[in-house]
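Student: Here's the letter readout for the chains.
Protein chains: 2
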Amino acid sequence: MKDWSAAVDQQFEHVLSGFADVPVVHAMRYATTGGKRLRAFLVRESARVCGADVARSIWPACAIEALHAYSLVHDDLPCMDDDDLRRGQPTVHVKWDDATAVLCGDALQTLAFEMISDPLCHDDAEVRSALALSLAKASGGAGMVYGQALDIAAETAEVPLTLEQIIELQNGKTGALITWSATAGARLAGADLRTLTQYGDALGLAFQIADDILDVEGDAATLGKAAQKDADAGKATFVSLLGLDGAKRRAETLVESACDALSSYGDDANLLRATARFVVERRS
Amino acid sequence: MKDWSAAVDQQFEHVLSGFADVPVVHAMRYATTGGKRLRAFLVRESARVCGADVARSIWPACAIEALHAYSLVHDDLPCMDDDDLRRGQPTVHVKWDDATAVLCGDALQTLAFEMISDPLCHDDAEVRSALALSLAKASGGAGMVYGQALDIAAETAEVPLTLEQIIELQNGKTGALITWSATAGARLAGADLRTLTQYGDALGLAFQIADDILDVEGDAATLGKAAQKDADAGKATFVSLLGLDGAKRRAETLVESACDALSSYGDDANLLRATARFVVERRS
Chain A
279 MKDWSAAVDQ
289 QFEHVLSGFA
299 DVPVVHAMRY
309 ATTGGKRLRA
319 FLVRESARVC
329 GADVARSIWP
339 ACAIEALHAY
349 SLVHDDLPCM
359 DDDDLRRGQP
369 TVHVKWDDAT
379 AVLCGDALQT
389 LAFEMISDPL
399 CHDDAEVRSA
409 LALSLAKASG
419 GAGMVYGQAL
429 DIAAETAEVP
439 LTLEQIIELQ
449 NGKTGALITW
459 SATAGARLAG
469 ADLRTLTQYG
479 DALGLAFQIA
489 DDILDVEGDA
499 ATLGKAAQKD
509 ADAGKATFVS
519 LLGLDGAKRR
529 AETLVESACD
539 ALSSYGDDAN
549 LLRATARFVV
559 ERRS
Chain B
279 MKDWSAAVDQ
289 QFEHVLSGFA
299 DVPVVHAMRY
309 ATTGGKRLRA
319 FLVRESARVC
329 GADVARSIWP
339 ACAIEALHAY
349 SLVHDDLPCM
359 DDDDLRRGQP
369 TVHVKWDDAT
379 AVLCGDALQT
389 LAFEMISDPL
399 CHDDAEVRSA
409 LALSLAKASG
419 GAGMVYGQAL
429 DIAAETAEVP
439 LTLEQIIELQ
449 NGKTGALITW
459 SATAGARLAG
469 ADLRTLTQYG
479 DALGLAFQIA
489 DDILDVEGDA
499 ATLGKAAQKD
509 ADAGKATFVS
519 LLGLDGAKRR
529 AETLVESACD
539 ALSSYGDDAN
549 LLRATARFVV
559 ERRS
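Read top to bottom, the protein sequences are chains A and B.
Counting from 1 along the first sequence, just add 278 to a position and that's the residue number in this note's numbering.
Counting from 1 along the second sequence, just add 278 to a position and that's the residue number in this note's numbering.
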């Protein structure tokens, strides 16, 4: 995971060095530095188990990290979650300003589509175009942005969300992009998507439950961002709806289904299984 | 142009009706309603003169309008140009709020890439992928966002921009997307891009000079947005650098070169020529 993180960093450095030396590009570099690189790793490992070209999977891996970074930069804006800290560092709008953060996020989204549309990503244009279409569906007004819109609406709703509504919200907000990452390798290899979709769906939900648990149990120093934000805001979370133990049990069950879904890949998928366990055991 | 505008409206209605009934989607519909549809028309007419399927050119035509709309919604934000009025109507952040405007713009950008990656746009994935790659290059950190970043930097610069710097800024901010629109038809038809690139480059610059002239001569009621903003802000414009008459002469010369570039298409390109003239003669 460390080597792949370094490869992702290097690829961003390479791509962004082709841009002009202006603050918005500095902010793009800053926003794509660090982080767990979970999505990039899912792309790589799904590519490997499906027999796709692992070296070239750096393109969709960086694309999904750019898209994820754009969503964080915009999510941290004062008019959205208003967060000052991300990955232990000042957020983009704090380090630069709101206008630069808006443009930085905009350009990172564009960069994601640029990277998966580049012929260096894959020789077959059908694959590149399908990657772009699926990424757009997973991240737009019926995917991630839809989840974020539900999240904003929930803040002013008079009745807290139900479990079903939270699952729908999280499927959009984080689940769709995690599933996209986990299935990218199958798309690159022209393989069937079903197995990895099952894995990705279970993993995505486990990830979000683990996030809610961390929000309760973690501290800001380890998280690198504010803790207890949801509880303080009185928002319904998996923990408030299932209880702390119930949430932990649910996350465990999801990790097991994620791992079970990979049975057809045998031991070759052990790193994907380890990733699923890492997602619920992480401390930040 | 009117019929095509109606077709664009209908296509947006069709596509957006597939999204959930939430404020961010209402804002997307609002932001893609109205406007001159210049870019959509350039896509259509370039498709027609190049012999591409005109009916299916509605996909890239809507894509570029969605991308243009995203840029306006974000550009109007309080932290950017802080505009309350657009096309004679309250801007998205005024009618809803800043968070909805950020998400609305984000999802409109995504929608643009979704529409040109859809197999309904073109049977050949090479064409779809090339459309996506070129759109990303024209609109990202080396294209439109680069131009916007230069524009923001110019606001606090101690020395006004030179003519050369303004041309670079405008090439990014508006020129790249206008050229993309004018060349989209050649991409759809698999034709050579050079002629339409020349036309688009000249048209894009003429368009921006005309905008600067309108900023001086127009009034808010006709423009549907605030007038004299640049002059009031003490920004260098084509008018401040070339004088009003000089700017008008330059725009005329550019329109002539745009029209001349189309000679190989003969009379078939008369609507593209009329569009170039419309761009400098418009009142809003």
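Keep in mind that a hint or two might mislead.
Identical copies go unnamed one by one, so any copy, or any two together, can satisfy a pair.
25 Å max Cα-Cα, derived SDA-like pairs, lysine to any residue [stated by the list, open to error]:
1) Lys-415 / Pro-397
2) Lys-415 / Ala-403
3) Lys-526 / Ala-333
4) Lys-513 / Arg-551
5) Lys-415 / His-292
6) Lys-373 / Asp-331
Keep in mind the hints are simulated off the structure, nothing from the lab.
Student: When no copy is specified for Lys-526 and Ala-333, does a C-alpha distance of 25 Å or less occur within a copy, between copies, both, or neither?
Tutor: neither (36 Å within a copy, 53 Å between copies)
Student: Please work out whether the CA atoms of Lys-415 and His-292 approach to 25 Å or closer within one copy, between two copies, in both situations, or in neither?
Tutor: Between. Shortest inter-copy distance 16 Å satisfies the 25 Å Cα cut-off; intra-copy 28 Å does not.
Student: Within a copy, between copies, both or neither: where do Lys-415 and Pro-397 come within 25 Å Cα-Cα?
Tutor: Classified as both: same-chain Cα gap 21 Å, cross-chain 14 Å, threshold 25 Å.
Student: Evaluate Lys-513 and Arg-551 at a C-alpha cut-off of 25 Å and name the case that applies: within, between, both or neither.
Tutor: Neither: 31 Å inside a copy, 57 Å across copies.
Student: At 25 Å max between alpha carbons, let me know whether Lys-415 reaches Ala-403 within a copy, between copies, both or neither.
Tutor: Both: 18 Å inside a chain and 17 Å across chains, each within 25 Å.
Student: Check Lys-373 against Asp-331 for me: Cα-Cα at most 25 Å, and say if that holds within a copy, between copies, both or neither.
Tutor: Classified as neither; 38 Å inside a copy, 48 Å across copies.
Violated hints, in rising order: 3, 4, 6; the structure is consistent with all others.
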